[in-house]
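**Student:** Please model the complete structure; the sequences and the hints are all you need to start from.
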Amino acid sequence: MYQALLTRRYLTHKIMPLLSAGAVMLCVLMVLVVWSVMGGFLDMLLRSGRTLMGDVSVTWPTVGFAHADDLIDRLERDPAVHAATPIIETFGIIHLPDGRASGVWISGIEPSSYSDVTGYASALWWKKLDEPLPRDTGRDDWRLGDPDDMPGFWDQVYRQGLSLTKPDPETGEPRPAAVLGIEVTDFNVREPGGWYTPGQWSIRTESGMRTASQGHFILAHSVTLSVLPLSQGGRAVDLVSRSFPVANELKTGVFEMDQRRVLVPLATLQQMLKMDAAERVETDPDHLAVVIDPETGAERFEPARVVARVPARVTGVLVRAVEGVAPERLKERVREVYAGFAADHRGEVPRSAGVQTWKENQATMVAAVEKETILVLFILGVISVVASALILAIFWSMVNEKTKDIGVLRALGASRAGIAWLWLRYGLVIGLIGSVLGVGLATLMVWYINPIHDWLGRALGVQVWNPEIYYFTLIPNEVDPRHALLVFGCGVFFSVAGALLPAVRAANMDPVRALRFE
Amino acid sequence: MSGAVPLLAADRVYKTYRLGRVDVPVLRGASLEVHEGQWVAVLGSSGSGKSTLLHLLGGLDRPDGPERACRAPASGVPVAPAANPGQGVVFRGEPLGTWSETRLDRYRSVSVGFVFQFYHLLPELDVVENVALGAMIRHGRLGYRRRRRELRGRATGLLESFGLGHRLRHRPAELSGGERQRVAIARALINDPAVLLADEPTGNLDRATGGTILDALATHHSASRRTMVLVTHDPEVAARADRVVRLEDGCVVAG
Numbered sequence: 003m004y005q006a007l008l009t010r011r012y013l014t015h016k017i018m019p020l021l022s023a024g025a026v027m028l029c030v031l032m033v034l035v036v037w038s039v040m041g042g043f044l045d046m047l048l049r050s051g052r053t054l055m056g057d058v059s060v061t062w063p064t065v066g067f068a069h070a071d072d073l074i075d076r077l078e079r080d081p082a083v084h085a086a087t088p089i090i091e092t093f094g095i096i097h098l099p100d101g102r103a104s105g106v107w108i109s110g111i112e113p114s115s116y117s118d119v120t121g122y123a124s125a126l127w128w129k130k131l132d133e134p135l136p137r138d139t140g141r142d143d144w145r146l147g148d149p150d151d152m153p154g155f156w157d158q159v160y161r162q163g164l165s166l167t168k169p170d171p172e173t174g175e176p177r178p179a180a181v182l183g184i185e186v187t188d189f190n191v192r193e194p195g196g197w198y199t200p201g202q203w204s205i206r207t208e209s210g211m212r213t214a215s216q217g218h219f220i221l222a223h224s225v226t227l228s229v230l231p232l233s234q235g236g237r238a239v240d241l242v243s244r245s246f247p248v249a250n251e252l253k254t255g256v257f258e259m260d261q262r263r264v265l266v267p268l269a270t271l272q273q274m275l276k277m278d279a280a281e282r283v284e285t286d287p288d289h290l291a292v293v294i295d296p297e298t299g300a301e302r303f304e305p306a307r308v309v310a311r312v313p314a315r316v317t318g319v320l321v322r323a324v325e326g327v328a329p330e331r332l333k334e335r336v337r338e339v340y341a342g343f344a345a346d347h348r349g350e351v352p353r354s355a356g357v358q359t360w361k362e363n364q365a366t367m368v369a370a371v372e373k374e375t376i377l378v379l380f381i382l383g384v385i386s387v388v389a390s391a392l393i394l395a396i397f398w399s400m401v402n403e404k405t406k407d408i409g410v411l412r413a414l415g416a417s418r419a420g421i422a423w424l425w426l427r428y429g430l431v432i433g434l435i436g437s438v439l440g441v442g443l444a445t446l447m448v449w450y451i452n453p454i455h456d457w458l459g460r461a462l463g464v465q466v467w468n469p470e471i472y473y474f475t476l477i478p479n480e481v482d483p484r485h486a487l488l489v490f491g492c493g494v495f496f497s498v499a500g501a502l503l504p505a506v507r508a509a510n511m512d513p514v515r516a517l518r519f520e
Numbered sequence: 089m090s091g092a093v094p095l096l097a098a099d100r101v102y103k104t105y106r107l108g109r110v111d112v113p114v115l116r117g118a119s120l121e122v123h124e125g126q127w128v129a130v131l132g133s134s135g136s137g138k139s140t141l142l143h144l145l146g147g148l149d150r151p152d153g154p155e156r157a158c159r160a161p162a163s164g165v166p167v168a169p170a171a172n173p174g175q176g177v178v179f180r181g182e183p184l185g186t187w188s189e190t191r192l193d194r195y196r197s198v199s200v201g202f203v204f205q206f207y208h209l210l211p212e213l214d215v216v217e218n219v220a221l222g223a224m225i226r227h228g229r230l231g232y233r234r235r236r237r238e239l240r241g242r243a244t245g246l247l248e249s250f251g252l253g254h255r256l257r258h259r260p261a262e263l264s265g266g267e268r269q270r271v272a273i274a275r276a277l278i279n280d281p282a283v284l285l286a287d288e289p290t291g292n293l294d295r296a297t298g299g300t301i302l303d304a305l306a307t308h309h310s311a312s313r314r315t316m317v318l319v320t321h322d323p324e325v326a327a328r329a330d331r332v333v334r335l336e337d338g339c340v341v342a343g
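Top to bottom, those sequences are chains X and V. Just so it is clear: in the first sequence, position 143 is 145 by the working numbering, and no numbers are missing. Just so it is clear: in the second sequence, position 130 is 218 by the working numbering, and no numbers are missing.
One side of the interface only, derived from the structure: several residues of chain X facing chain V at Cβ under 10 Å:
hint	residue
1	Y4
2	L8
3	K16
4	K404
5	A413
25 Å max Cα-Cα, derived SDA-like pairs, lysine to any residue:
hint	chain 1	residue 1	chain 2	residue 2
6	X	K406	V	E262
7	X	K406	V	P211
8	X	K406	V	Q205
9	X	K406	V	G135
Source of the hints: derived by calculation from the structure; they are not laboratory data. Note that the structure is a prediction, hence the values are computed from the model and not measured. We put the CB at the ideal spot given by N, CA and C, even for glycine.
**Tutor:** Next comes the structure, spelled out in structure tokens:
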């Protein structure tokens, strides 16, 4: 009872405990804000990565494997699988309208099933936007309205992105088109608010370079993609190039993808890479016969005899889990399905293709962010220990100051344990006050971190979170309740830990010496 | 010494303090008996060991073994250590030396009440809270809550009996020295202890104020017949007691 009374009175009559509570509050606030932002950043990376990769991928790079349709049928019969889609991934070269060329990763996809497995549809950048981005206070984003003379323009662009086709200007027939990562061309200017506007760049024409006065929109142009097909045996065949009109652009939020990814229709890329279905014919010259046309009398070679049909190949199949199935569990199911598939197509498909979750696939990047988060938390943990040491110092000094009181309490019959509990309780209350305030303020700060950041930018010219570096428009602004609880617990723990030594010292004081203390 | 069992006794108690590298013997086989209802004054000069004796009687400290012998002050001849060392401090026939720390805590809380020369009131608490502090310690959280009204009423009653009814909500810093000492006496009495131990209760007060404190103690003693041990260096103060015991060089030499 006396501990509660004295704790209350010490708290309301001394500045030192308020300083201690303030130190705890600042530590808790700092740890929770940084953890929320870093953890949110990692979550966004993971979510964005899954946007184009699904949950699990089955891959046999470069050469690829056949009978993907059969594998997809088998996978989609499994209750853990929501959908699966074939994909070809290859390295290529993109030739841009300004004459530059650069290396890119080219993905051949079936847009419809690809959308079922990934967040492709939502990642398409150029589409009509009903609401501006939170930081677009001036409503400057192009996507907020169709051009005056082109009603329905953004819907059309979006549909072209979804189908990976654009109408032929002469025939009107749809023809294969490409979707580029938003940063591939370097033609778009990223505004500080996080949206893009087409920038100025020069187009290489037959008569030289031409620079537009108001900027070119890449969707009005074509790019040329060059790939190097490989035979089934892995030998290089001739370089194949093809021009693609640009149907749309893509923003996943992941640097590597937005900077280096180009999507084209699967069938087109299969043709370019010689991975489409084909017939194998007799190649022995001894078996080639010359026949004479009975009507015209002309001589011609007898058509080559088809000796086998070679199925189309893909380099991978992406799989999406049904809701509630973890990627690791899906990976096990996919492994089992693939084993049956490989057994039934023995000799035609690899016995064990690479089966990986998205996180494993992007392990280097995810590990880097995870390590960074751990490093930051470690540093903050050290700061928390310093705060604990600060509480220890403050409490030590308070125990010194209250030595006589301790002697009086012992003279009145207080036990050593009672004295220890007085100081531990004091530390506990300070920890609770500091942690409650810290978690509360941190939660508010994280919730409003974007407006706060904007205000800092306007008032002080400070822009800590640069979207051009982090590739996310907004700073993550959610607090994980589990993190909040853990940080709260640590705040209380470190406070009590800081009070422990002074409490033991107080409890072990000789009451006579304490009463005589000057 | 009387034949009846004393309420509180010191039976050849020894105490040596170590100051740096030097052992300083404070009590050297001091003996004292205090019977129920007696007011005993322990008279001694500064450094004679009277406060130490009071601390030992109150269970705040434990006596040492009999390493030091008492000297008769007049002759200066050492007295040989007792062949049969004393029992130390004895309360109602039980030596405190055999008690556990928990029992000693209980003893300080229930059976004795301390009054100190410098009052030692807790500055953050008001007068009533300072007095009720002993009751809080004695009864614990639940016990105090159950009897809160009664115990606070007792604290208030004690303060009123010492003329402090108008100072209940004041803090120690707002009181005079005499008022503070009266609060300290009320605090010592809150648990109705068997013995009141007062260490130079007037030592920090002027003569007139000290007189009022002694009057208050005397009035209380007459009314309650509570056993009291008061240590002082002032023969006039000691003269107010029923019996005076002289302490010299750590030994009781008269009384």
